[in-house]
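**Student:** If you want the building blocks of each chain, they are given just below.
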Amino acid sequence: MNNSITANLKLSFIKLGVLPFLLILAIVVFSILSSNFLTVDNFTNVARQSTYLVIISIGQMFTLLTGGFDLSVGSIMAISSVTTAMTIVFFTTIFPDSVYLVILVGLMSGILVGILVGAINGLGVSLFDVSPFIMTMGVSSTVFGIALYLTGGVPISDLPDEFSDFFGYGTLFDVPIPVLITLFIAFTMYILVSHTIYGRYVYATGGNIKAAKLSGISTKKYLFMAYIICAILAAVAGLLLTARIGSGEANLGASFPLESIAACIIAGVSLRGGIGNVQSVVLGAFFIILMQNGMNLAQIESYLQIVVIGILLIVAVLADKLREKLLDSTKI
Amino acid sequence: MSQKIILEIKNLCKEYFSITALDDLSFDLGEGEIHVLFGENGAGKSTTISIIAGATKATRGEVLLDGEIISLDSVQAARSYGISAVFQEFSLIENMTVEENLFLSAEKNTLGLLNKKDLHDAAVKILHDLDFDLNPKSKVAYLTRAEQQMVEIAKAFREDSLRVLILDEPTASLTDKETQQLYKLIDKARSKGVGIIYITHRMEEIDYLADRITILRDGKFITTVNKKDVCETELIELMTGRVIDQIFPDINYNPKDLLLETENLKTQSGIVKDVSIKVHRGEIIGLAGLVGSGKSFIARSVFGLDKALKGKVTYKNENCTNSTPKQMINNGLIYLPPNRKEEGLLMDRNSIENISLSAIHSNKFSNYTLINAKKEKEYIQVLADKLSLYPNNITLSPKHFSGGNQQKIMLLKSLIEDMDLIILDEPTVGVDVGTRSVIYNLIKDLCEVGKAIIIISSDLPEVLNLASKVYVFYGGYIQAELEGEEITEQNVLNNFFEKRNNLHEQ
Numbered sequence: 058m059n060n061s062i063t064a065n066l067k068l069s070f071i072k073l074g075v076l077p078f079l080l081i082l083a084i085v086v087f088s089i090l091s092s093n094f095l096t097v098d099n100f101t102n103v104a105r106q107s108t109y110l111v112i113i114s115i116g117q118m119f120t121l122l123t124g125g126f127d128l129s130v131g132s133i134m135a136i137s138s139v140t141t142a143m144t145i146v147f148f149t150t151i152f153p154d155s156v157y158l159v160i161l162v163g164l165m166s167g168i169l170v171g172i173l174v175g176a177i178n179g180l181g182v183s184l185f186d187v188s189p190f191i192m193t194m195g196v197s198s199t200v201f202g203i204a205l206y207l208t209g210g211v212p213i214s215d216l217p218d219e220f221s222d223f224f225g226y227g228t229l230f231d232v233p234i235p236v237l238i239t240l241f242i243a244f245t246m247y248i249l250v251s252h253t254i255y256g257r258y259v260y261a262t263g264g265n266i267k268a269a270k271l272s273g274i275s276t277k278k279y280l281f282m283a284y285i286i287c288a289i290l291a292a293v294a295g296l297l298l299t300a301r302i303g304s305g306e307a308n309l310g311a312s313f314p315l316e317s318i319a320a321c322i323i324a325g326v327s328l329r330g331g332i333g334n335v336q337s338v339v340l341g342a343f344f345i346i347l348m349q350n351g352m353n354l355a356q357i358e359s360y361l362q363i364v365v366i367g368i369l370l371i372v373a374v375l376a377d378k379l380r381e382k383l384l385d386s387t388k389i
Numbered sequence: 012m013s014q015k016i017i018l019e020i021k022n023l024c025k026e027y028f029s030i031t032a033l034d035d036l037s038f039d040l041g042e043g044e045i046h047v048l049f050g051e052n053g054a055g056k057s058t059t060i061s062i063i064a065g066a067t068k069a070t071r072g073e074v075l076l077d078g079e080i081i082s083l084d085s086v087q088a089a090r091s092y093g094i095s096a097v098f099q100e101f102s103l104i105e106n107m108t109v110e111e112n113l114f115l116s117a118e119k120n121t122l123g124l125l126n127k128k129d130l131h132d133a134a135v136k137i138l139h140d141l142d143f144d145l146n147p148k149s150k151v152a153y154l155t156r157a158e159q160q161m162v163e164i165a166k167a168f169r170e171d172s173l174r175v176l177i178l179d180e181p182t183a184s185l186t187d188k189e190t191q192q193l194y195k196l197i198d199k200a201r202s203k204g205v206g207i208i209y210i211t212h213r214m215e216e217i218d219y220l221a222d223r224i225t226i227l228r229d230g231k232f233i234t235t236v237n238k239k240d241v242c243e244t245e246l247i248e249l250m251t252g253r254v255i256d257q258i259f260p261d262i263n264y265n266p267k268d269l270l271l272e273t274e275n276l277k278t279q280s281g282i283v284k285d286v287s288i289k290v291h292r293g294e295i296i297g298l299a300g301l302v303g304s305g306k307s308f309i310a311r312s313v314f315g316l317d318k319a320l321k322g323k324v325t326y327k328n329e330n331c332t333n334s335t336p337k338q339m340i341n342n343g344l345i346y347l348p349p350n351r352k353e354e355g356l357l358m359d360r361n362s363i364e365n366i367s368l369s370a371i372h373s374n375k376f377s378n379y380t381l382i383n384a385k386k387e388k389e390y391i392q393v394l395a396d397k398l399s400l401y402p403n404n405i406t407l408s409p410k411h412f413s414g415g416n417q418q419k420i421m422l423l424k425s426l427i428e429d430m431d432l433i434i435l436d437e438p439t440v441g442v443d444v445g446t447r448s449v450i451y452n453l454i455k456d457l458c459e460v461g462k463a464i465i466i467i468s469s470d471l472p473e474v475l476n477l478a479s480k481v482y483v484f485y486g487g488y489i490q491a492e493l494e495g496e497e498i499t500e501q502n503v504l505n506n507f508f509e510k511r512n513n514l515h516e517q
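In order, the protein sequences belong to chains A and B.
Each residue of the first sequence is one higher than the last, beginning at 58 in my numbering.
Each residue of the second sequence is one higher than the last, beginning at 12 in my numbering.
Keep in mind the hints are simulated off the structure, nothing from the lab.
Don't take every hint at face value.
Claimed, not checked - Some chain A residues well away from chain B (every beta-carbon gap over 10 angstroms; in silico): (1) Thr101; (2) Gln106; (3) Tyr255; (4) Gly264; (5) Asn265; (6) Leu271; (7) Ile274; (8) Ser327; (9) Leu328; (10) Ile332; (11) Asn353; (12) Gln362; (13) Val364.
As the list claims (entries may be wrong) - Lysine-lysine pairs mimicking DSS-like chemistry, simulated, CA-CA at most 25 angstroms apart: (14) B:Lys150 to B:Lys128; (15) A:Lys267 to B:Lys318; (16) A:Lys267 to B:Lys410; (17) B:Lys136 to A:Lys270; (18) A:Lys278 to B:Lys375; (19) B:Lys375 to A:Lys270; (20) B:Lys410 to A:Lys382; (21) B:Lys318 to A:Lys278; (22) A:Lys267 to B:Lys277; (23) B:Lys195 to B:Lys128; (24) B:Lys284 to B:Lys267; (25) B:Lys203 to B:Lys150; (26) B:Lys195 to A:Lys278; (27) B:Lys397 to A:Lys278; (28) B:Lys238 to A:Lys270; (29) B:Lys352 to A:Lys270; (30) B:Lys127 to A:Lys270; (31) A:Lys72 to B:Lys136; (32) B:Lys284 to A:Lys72; (33) A:Lys72 to B:Lys323; (34) A:Lys267 to B:Lys337.
These numbers were taken from a predicted model, which means no experiment stands behind them.
C-beta: ideal position from N, C-alpha, C; glycine also.
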């Protein structure tokens with residue numbers, strides 16, 4: 058009896074990876090530590106808090122799948138936030154009566170700027186063969202500098218209430234709007250990655266770029282597109298966060314590059330490219346926010362929280378290595 | 012040759028699982044002797060030297076040095092007995108200098124601190140003794156392939172106590188001038204009493220260097236002969252012997268219209284210098300030649316992997332010079348590369364994805380955007396059954412399959428869409444006999460329904476038995492074009508190497 062349970066656990070570990078186990082463990086532990094943890098209110102809260110990281114991590118996953126990564130997602134959030142805020146403020150003074158149109162134009166401008174940054178990353182990595190590390194780090198610094206320069210380091214407030222009311226605090230059937238947007242993005246991206254030809258080509262490019270080329274795939278195009286998609290999603294997250302805090306800020310994305318990579322790694326995305334999926338990444342990002350939330354409720358000191366997150370990342374990677382070994386040993 | 016015997020090989024056997032790679036091999040090596048191991052691919056030469064160099068453990072049998080049994084557990088152990096090997100694959104670290112490479116793992120040090128001066132002096136001495144014109148301070152990455160070969164050889168000489176030197180096709184990538192230099196070096200080593208085990212396919216080299224020749228075939232020891240007692244023809248006869256012909260099917264060639272033509276092609280890699288070939292539907296074209304002769308790069312160039320600088324590629328009566336792989340695949344031409352891991356397969360993705368990858372953009376099991384996974388799987392399962400993929404589970408990724416079955420997965424890529432021309436580059440490297448026969452029968456079927464096949468192979472019997480026309484490459488040119496009755500081993504081999512007269516002219 059005991060044996061079959063261990064065997065089943067082992068099998069599901071091989072199949073699902075370590076993340077589901079960590080999630081269950083976290084929920085059990087925090088439920089014991091704090092009575093406020095396992096409540097609908099708290100989980101709604103976690104869901105809303107996690108939206109930003111979930112969206113960015115999905116974007117990050119695209120670059121990881123192609124064998125790269127994007128260190129500039131934080132700066133993209135910053136520049137999009139600042140651009141959108143400035144555009145909205147500027148046009149509000151000219152067209153004070155058409156608030157919604159102004160907001161729409163603002164959002165578009167933020168996303169366009171994000172795409173522009175993504176295109177620079179993508180061109181560097183695909184066309185000029187610069188390593189993703191250097192390229193996105195350089196771009197990150199440049200773009201962050203521009204965002205700071207544009208704002209002088211001061212948040213741009215005076216955004217119309219309608220903006221924050223809808224994108225920051227709005228609900229539909231009691232579900233927060235940002236959560237709905239995140240669900241929509243996650244679903245679309247899941248279809249894109251797992252059920253379309255595009256997705257296949259992304260996996261192939263990251264899995265073995267030479268074999269992909271020899272199979273007739275324009276690998277440069279898919280490398281480039283990965284950075285564009287990552288940038289669009291980072292920009293969207295940046296705008297949602299801007300709506301939440303009610304001002305355009307250059308500093309709002311600093312922690313996201315590493316957190317999004319961590320979320321992907323915990324979710325089993327390979328740093329070498331070619332392995333990973335949207336479902337797990339959503340769980341991975343959700344897990345990190347859930348940990349932070351749980352530790353807050355359990356009144357664990359914030360400095361210690363950083364330690365715990367670091368350890369978890371390493372544990373997850375070690376577990377993934379173990380899983381690979383098990384997988385290999387069970388081969389035919 | 013009446014010198015004393017230094018190395019004796021007795022009843023050496025090597026079995027991989029149930030496959031016998033080497034069966035009861037015995038020979039000996041004299042002091043100052045050059046002993047050539049001769050045989051076809053897969054005859055067991057590499058296994059033999061790998062065992063003597065300590066890189067592989069023998070299943071049975073023993074190696075005696077000066078009459079005493081030695082245990083060759085590791086390359087280090089072999090080296091400590093004075094046995095050094097220079098394999099075809101270099102083991103140099105490109106970002107390190109020549110001297111650093113020379114003493115890798117034998118660094119001169121005091122309590123862990125490197126004695127760089129001593130190391131440099133020792134390197135200078137070795138290079139001077141060998142008369143190699145190399146700067147010990149230059150980075151290996153900046154050296155030519157020949158110079159890297161010299162470093163590799165110098166490495167073998169770093170021990171003063173070198174007794175046995177193993178050279179595996181050392182001249183394969185050398186120019187004639189460099190080859191001459193290597194010969195001098197070999198003479199020098201020989202005069203010092205070093206015994207040399209030498210693998211080569213080149214008749215000139217055997218002529219020039221060998222004292223004795225041991226012939227291997229299908230892992231079996233055939234005979235050891237004195238060079239002066241045999242002629243070239245006899246050697247080739249001994250090497251090939253009775254080949255098991257059954258694994259090759261009889262093919263009814265039915266050449267039809269011209270499909271592919273290259274005219275005076277010269278490519279960017281510099282490997283193809285001036286090549287014109289013609290391929291018709293219903294034909295199997297064999298491309299033979301040494302590594303680097305251009306037999307592979309002509310195909311890569313046609314497929315868009317090596318840019319054409321001069322000349323023209325015509326495919327289906329259209330100028331297709333410098334097309335991309337994508338364009339060629341869409342036009343019914345696919346190239347399956349020789350190295351499955353590096354260029355052929357996505358080792359971590361499942362076999363279905365691998366097999367459908369080059370054809371998934373068509374509407375076979377997608378509506379051009381969304382993939383119908385069920386239809387895809389069913390379609391590919393039928394093909395996998397046809398090639399008897401083992402284990403018959405296409406949801407596994409290629410890394411879980413044996414080499415032969417990985418090769419089947421690659422081949423399946425060319426069957427999804429109706430291809431007109433399939434180019435197979437070394438389709439049976441590391442593939443067992445059973446799978447070979449499956450692959451050969453597939454090639455036969457494809458040819459007989461009117462497709463054109465190009466087989467690029469270092470495995471001579473494969474080319475001889477399957478092709479209806481053979482181009483033999485040497486040094487970026489076609490040295491011979493053989494058809495029908497002309498396709499004999501002798502004719503192909505005669506053109507494998509630079510013509511003898513040319514060699515002497517230089």
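**Student:** Among the hints numbered above, which are violated by the structure, and what are their numbers in rising order?
**Tutor:** 3, 4, 5, 6, 7, 8, 10, 17, 23, 24, 25, 26, 27, 28, 30, 31, 32, 33
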